[in-house]
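Spelled out from the first residue to the last, the chains are:
Protein chains: 2
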Amino acid sequence: MKNNQFAQIKISVFQQQKELEKIGMITNDFFEQDFWVNLRTFYEHCFPESYSKTTKNQKIADILVTDLQDLSIVLQEQRVFTGEMFYNAALQLLRFEVDSEFSLTKPFYFMDQEQLSYLAIKEFNNEALLEAIYLLLTTHTKRGQTYLDDLAARGFFKDYFVNKKPHLVFFNGKAQPVFDSTKIIREVVYVESPLDTDQDGQRDLLEATIFRPAETNQGLRMAALYTANPYYKGIQDIRLDLHEVEVDLVIKSSSSQTAENLGFNGDNSEERKNLPKERIPAAQTEKAESMGTESGSYSLNDYLLVRGFANIYAGGIGTRHSDGIRTCGSKEETISTVAVIEWLTGVRKAYTNKIDNVEIKAWWCNGNVAMTGKSYLGTLATAAATTGVAGLKTIISEAAISSWYDYYRENGLVVAPVDCQGEDTDVLAKLCFSRKKDAADYAKAKDIFAEKLQELKKEQDRESGNYSAFWEERNYLKDIQKIKCDIIMVHGLNDWNVKPRHVGALWQALRKVSVTKKIFLHQGKHVYINNLYSIDFTDMMNLWLSHKLYAVDNQADTVIPNVMIQDNAVSEDWHVYSDWNDLKTPRQSFYLTAKFLSEQACSSTEIQTFQDKGVRLFRQASKDAKHWEQEFLQEKSLYQDNRLIFKTRKFEQEQIIDGTIQVTLNMAVDQPAGQLSMMVVDFGRAKRLKENADVLAAKGQELGYQWKKEDLKEFILEKEASFFKVITKGHMNFQNRLSNVRNETIKPHQFYSMTLSLQPTYYRLLSGRKLGLVVYATDMGMTIRPNIEAEYQIDLNGSHIDVPFL
Amino acid sequence: MKNNQFAQIKISVFQQQKELEKIGMITNDFFEQDFWVNLRTFYEHCFPESYSKTTKNQKIADILVTDLQDLSIVLQEQRVFTGEMFYNAALQLLRFEVDSEFSLTKPFYFMDQEQLSYLAIKEFNNEALLEAIYLLLTTHTKRGQTYLDDLAARGFFKDYFVNKKPHLVFFNGKAQPVFDSTKIIREVVYVESPLDTDQDGQRDLLEATIFRPAETNQGLRMAALYTANPYYKGIQDIRLDLHEVEVDLVIKSSSSQTAENLGFNGDNSEERKNLPKERIPAAQTEKAESMGTESGSYSLNDYLLVRGFANIYAGGIGTRHSDGIRTCGSKEETISTVAVIEWLTGVRKAYTNKIDNVEIKAWWCNGNVAMTGKSYLGTLATAAATTGVAGLKTIISEAAISSWYDYYRENGLVVAPVDCQGEDTDVLAKLCFSRKKDAADYAKAKDIFAEKLQELKKEQDRESGNYSAFWEERNYLKDIQKIKCDIIMVHGLNDWNVKPRHVGALWQALRKVSVTKKIFLHQGKHVYINNLYSIDFTDMMNLWLSHKLYAVDNQADTVIPNVMIQDNAVSEDWHVYSDWNDLKTPRQSFYLTAKFLSEQACSSTEIQTFQDKGVRLFRQASKDAKHWEQEFLQEKSLYQDNRLIFKTRKFEQEQIIDGTIQVTLNMAVDQPAGQLSMMVVDFGRAKRLKENADVLAAKGQELGYQWKKEDLKEFILEKEASFFKVITKGHMNFQNRLSNVRNETIKPHQFYSMTLSLQPTYYRLLSGRKLGLVVYATDMGMTIRPNIEAEYQIDLNGSHIDVPFL
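So the protein lines, in turn, are chains R and L.
With numbering that gives the first Met the number 0 applied, the first sequence covers 0 to 805.
With numbering that gives the first Met the number 0 applied, the second sequence covers 0 to 805.
Since the hints were made in silico from the structure, they are not lab data.
A couple of the hints might just be wrong.
Because identical chains share one entry, a pair is satisfied inside a single copy or across any pair of copies.
[As the list claims (entries may be wrong)] Below 30 Å or equal to it, Euclidean Cα-Cα: the simulated DSSO-like pairs (lysine-lysine) are:
#1 K707 / K157
#2 K698 / K708
#3 K21 / K481
#4 K456 / K445
#5 K707 / K481
#6 K445 / K105
#7 K769 / K517
#8 K625 / K724
#9 K457 / K646
#10 K646 / K724
#11 K17 / K686
#12 K286 / K157
#13 K516 / K477
#14 K353 / K1
#15 K163 / K17
#16 K511 / K360
#17 K157 / K353
#18 K141 / K353
#19 K353 / K481
#20 K625 / K689
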């Protein structure tokens, strides 16, 4: 196991002393006190669950500091206290076990291995003790949380505000869980948005659920963590609404469309012109009328809630208890998202219910807002950021869509997110239209929503697959220059739902925007990473948000690396970089030759052929896309006529692929339309990192005292070796080889050169491995699955793959 | 989805009225009130999360009662209120969705399908309303909980005790969540046991963790749910301690051991004679000195905690913070388990810490105790029951061991629980010896524990595999007559960890014991079933425990069926029986013929042969036991020389196997020792029930108001059809064909008849399926894996399988 902590910040000893006093870990006469008294006091603080001297001492006596002495004897005898003794005890406090995990004779060896910080001082005095205590409190336990978090979860701060006015407490730059988890206020308000998407003549009211520490009632103003979550109030079953994917490719008539004349009206929609007037408040109150319920909170939010960050969840237009209709990524959804921020910052109104017009302000809010969430949630955070709305100080945008075209389309093809074959904007709109759960409420918006669904169906245009005004509206990148808030981006390099291109494009686009931006690329799929052992993501976010929302001077902007990438070959390794996916990274070309990828180009025409008739086989096997991919890449595969594989020789030295692989192919198809799919694959038998993190300790992370828990997880190596791993993929419609807005005519059997950028990535290709290019037509898990069987040809001459090596 | 409720009890309308008044659902002038007022009052109570008239009405207006009218309009217009209207609203209150799940024109059709109770009355008046409300409150929602539980989780009881003295509240025979979840008292005491297993000259103190509602501090005495959980304080990594299983079968010398002279001294152990004196209390207190921490609670306990059942967890001897050493199923572990009950009932002492001798009584306890838990936890509940200890009113023993021999051995063979190859009593003792987590505490008991481990290693005797005094000590069935408490047994028919024989034998043995006993057999593996949709197990346990521990007159003994068995062929079907595994069930014989199972015996000698050399293949494949079993049962299998499969013809009519299949084989082996394994298999392509329940709603069940949550689960059909399913298994050492205590000599190549009882089961074999007998030697997942390759022979003449058909 390897601990990687970045949010453990260095501060002066003087400051350390002040902070330790502030949290009550040491008294203000520490340096006047006898060392042994200080030492005992510290250890007594280490057992907040023990209320008496005897029970505290019982725990102290359980700790072994040398092979022969327990800690209570050492404290009693008061002879000498070495660094080794301190760290032997410290490791036990950090939940590591003597003998099974570390040896009492070599604590530092273990700490070096485990990458735990320590103070290399032989014999301890008060000065050393103070620094060591401070460092220990900020060091991670075996549960992947700081020791102070561990103590806090066991009650360290439980009486912190007795006879004190509540306030936020920061330690080592991070907010501490001093707020009472048993008294969280849960309430609901209805924010009036500048929308009338359900066209009922009234502005859409949007339900927002607020969780805030009761201490806000005593005058404490808090920052808000806001998660726009269309799934918050539940989802609808859309299994029957999925589009048929076993359809043939449409032969598109050639067009002269350009990116400039798509016809998207960025300014305003028709509906907004007829926007009804704002409601006029009939009264004012500070008290809500409904309890907010928890349904799928983000554990990072929960963690921060008891540390002084109010949590806000809102489903947005068309979700249960809100007005309006879902429009999947539209401008209206962005406006709906932003309305809640505007309420939090005092520029928009909210009401206690939908009838009485009793206004309720976010009077407990300090006006500073951050957005969090993954997938659609992170997408809406990105969307809100691109409006430049005031008060939104930062977003933590995880596995977020940056352009909806890249979610449901690719280079003129319908390309589904993994496990979402047949889904599209209309389907997702329906899935999120949870107003349907309330039958009478649904009845009011049913017709207008049905109309909207028809419109989505038409405009998303599954027949063409081209980029259009519809997709332009849903492209947040066009508004990149409006971004004013700092941004954390998190994405899985194995995320085939929201694919890496989303974060790749956002990262690229942000180069020209003068905000602070950080990116985390992990080895997971479509998941959160705040509960991993190997990385202190939670601490970093605490540091970041304490800085952005409470202006704590904690060096968050510099302490958190610009780019952090989890290694793909070994477990628990994180690389720090200053950049990723830099277009200037030189690309090495490999040329397609008969079954090889060579550094030398093929000098004359050499045609290779593959079929596209796997759909029948796939249907017979009735397996899922994951099974298909595993079978497809076997050397002897059911599908072997349906693909060509070109492999390099074994790499003699390891290489790091960083960024976007480009492939240029000289291709023909025996039809007037064709779809091209590609994978780049790491071939070679090895135990690779699993794509799903293992649970190391179920509910092993405690988010506060008598508060929620989270599983501790880590990505570990697979138990049985595998033979290959997909590094990246790409798809293209032959007719869109030059542009995703314009169609070219394809003549059967004629060769065309087409260049395709695959999903950006980062991959450490170990020595001894081969890099493989797999060329095929139908990707069962992603593209449509034509019934017309086709034959594809590659002219190896003029075909190459260009790989950016770091 | 099918709802099966058994704990919904019928009571008089007069009693219903009283109960509804008591919980505050109706006022005491209900029958004098106008119907429409009563109706509105009821619906307002249905939204406890809405605090104002307006927000309540907002929710009421969301409900559709006819295609055109919402509930608020109907309440306003006061024209007519039909049964259909009531149940249209009711279904929405129960979280079912209009159109997607039921039609407003056919609510009763849906309720019939879903098996939801209703009152078949056309037009409602006060009388109908009262009964309908009562019935609805006891009916399950889509989340598999009663509607009253649903309301309670949303705050229905939140101010219940304002200006009232706390007391338990029962509704429909079941305790209600009226206690404050945010104020649970968590504390720790040290119970003095009549043991000194670590031989330190002091009686072993055992840590007990108590969770009790704060209302006990106001004088309310509560019953205790006690879970003896050796894993509660964590476990030790035993991967390096597992026994090597790739060893050869030992040729045992013939013996004349009988079951009568095993030499087990049941009265007392040597250690107990030298038992140190009890501690003398130096003082008394009612207040504990340490906080109890939650680490792996059972959600059924959690559910009952806020309903007025204190929860007690204790690890027992040798676990963290307790004294003593682990001895895996020994008499001492039973005594350790019982000590906590004795403290709860006032006959044994506990202390606030291990030093000061300050006594603390279970002053908040009413003296009635029940035990709960699964696996080792359930085992210790069974163990405690067999002592007849006073105060223990009932146990809910789930997936429990009834004899440790049946856990680690079978018919003279070492046979591991699934996924536990190489485990044995010494390994499990080590796994549970969590005192090791506290290095200094461990140092005190290390040597004596090492000695004990050696003793366990010797006496468990992996070479022989025979039943002995060691196993006799660990056989709870020998003390069956001492049982005084009523018993609930729960077991998975697919549990290959604690195999069905455990519950089968207990159920058999209890026939002669005059206590009330109930058994639940489900289709899961080694799991709890309190969170399934299809069965109201939680309600039944509430009913049972309210009766047993609070003497509530709720007909629990008769309402809960004696035998409930989940169907294996379809989802959500539970069968009620009066008995299971009745030895009198007639058995039908099928005779082994060349590759067939026939109703006609083979009339002359016919020898069939199989090899035992799969170990090499298994090692090469480096797959796990599950993979092995899947591969092993394929028609064309890697291992096909290593087994013989005999199948019946397709069954023309469905048959139910109930109880214990016996197999008699006439066998020879070319070695002086042999091991025989068998499976009985259902062959035929079909979608079968999955062995793991699916999560229908993550955290979908709320156990109380602002309290814990549990996933809602259900066993559903597999997505892709399978070709076979193992029904039951058995294993036998050739040398123990006559007895598991005595060895017979085996001459190579000589035929011996051996009769083997397989694990008892219940299986509905559908028409069109074949019943198969698979005979082989090494079971990779369970038996040892000899390196010596052997050849086995069956003389089909004299070989048959006898199947008990209901």
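Checked hints:
1. Taking the closest pair of Cα atoms, K707 and K157 come within 30 Å of each other both inside a single copy (15 Å) and across two copies (21 Å).
2. Within a single copy, K698 and K708 get their C-alpha atoms as close as 5 Å, and across copies as close as 13 Å, so both meet the 30 Å cut-off.
3. For the identical chains of this complex, K21 and K481 are neighbours neither inside a copy (41 Å) nor across copies (60 Å), given an alpha-carbon limit of 30 Å.
4. With identical chains, the CA atoms of K456 and K445 are at most 30 Å apart within one copy only, with a shortest distance of 16 Å there and 71 Å across copies.
5. Taking the closest pair of Cα atoms, K707 and K481 never come within 30 Å of each other, the shortest separation being 37 Å inside a single copy and 43 Å across copies.
6. With identical chains, the CA atoms of K445 and K105 are at most 30 Å apart between copies only, with a shortest distance of 21 Å across copies and 69 Å within one.
7. Taking the shortest Cα distances, K769 and K517 never come within 30 Å of each other, neither inside one copy (32 Å) nor across copies (62 Å).
8. With identical chains, the CA atoms of K625 and K724 are at most 30 Å apart both within one copy (12 Å) and between copies (24 Å).
9. In this assembly of identical chains, K457 and K646 lie within 30 Å of each other by CA distance neither inside one copy nor across copies; the values are 42 Å within and 57 Å between.
10. Proximity of K646 and K724 under a CA criterion of 30 Å is satisfied intra-copy only: 13 Å inside one chain copy versus 42 Å between copies.
11. Proximity of K17 and K686 under a CA criterion of 30 Å is satisfied in neither setting, with 49 Å inside one chain copy and 66 Å between copies.
12. When the C-alpha separation of K286 and K157 is checked against a cutoff of 30 Å, the pair qualifies both within a copy, at 27 Å, and between copies, at 18 Å.
13. When the C-alpha separation of K516 and K477 is checked against a cutoff of 30 Å, the pair qualifies only within one copy, where the shortest distance is 18 Å, while the shortest distance between copies is 70 Å.
14. Taking the shortest Cα distances, K353 and K1 never come within 30 Å of each other, neither inside one copy (52 Å) nor across copies (37 Å).
15. Taking the shortest Cα distances, K163 and K17 sit within 30 Å of each other inside one copy (18 Å), while across copies they are farther apart (48 Å).
16. When the C-alpha separation of K511 and K360 is checked against a cutoff of 30 Å, the pair qualifies neither within a copy, at 37 Å, nor between copies, at 70 Å.
17. In this homomeric assembly, K157 and K353 come within 30 Å of each other (Cα to Cα) only across copies, at 25 Å, whereas the closest approach inside a single copy is 39 Å.
18. Proximity of K141 to K353 under the C-alpha cut-off of 30 Å is restricted to the inter-copy arrangement: shortest distance 28 Å between copies versus 49 Å within a copy.
19. Proximity of K353 to K481 under the C-alpha cut-off of 30 Å is found in neither arrangement, the shortest distances being 33 Å within a copy and 65 Å between copies.
20. For the homomeric pair K625 and K689, the shortest alpha-carbon distances inside one copy (14 Å) and between copies (20 Å) are both at most 30 Å.
Hint check: violations occur at hints 3, 5, 7, 9, 11, 14, 16, 19; the rest are consistent with the structure.
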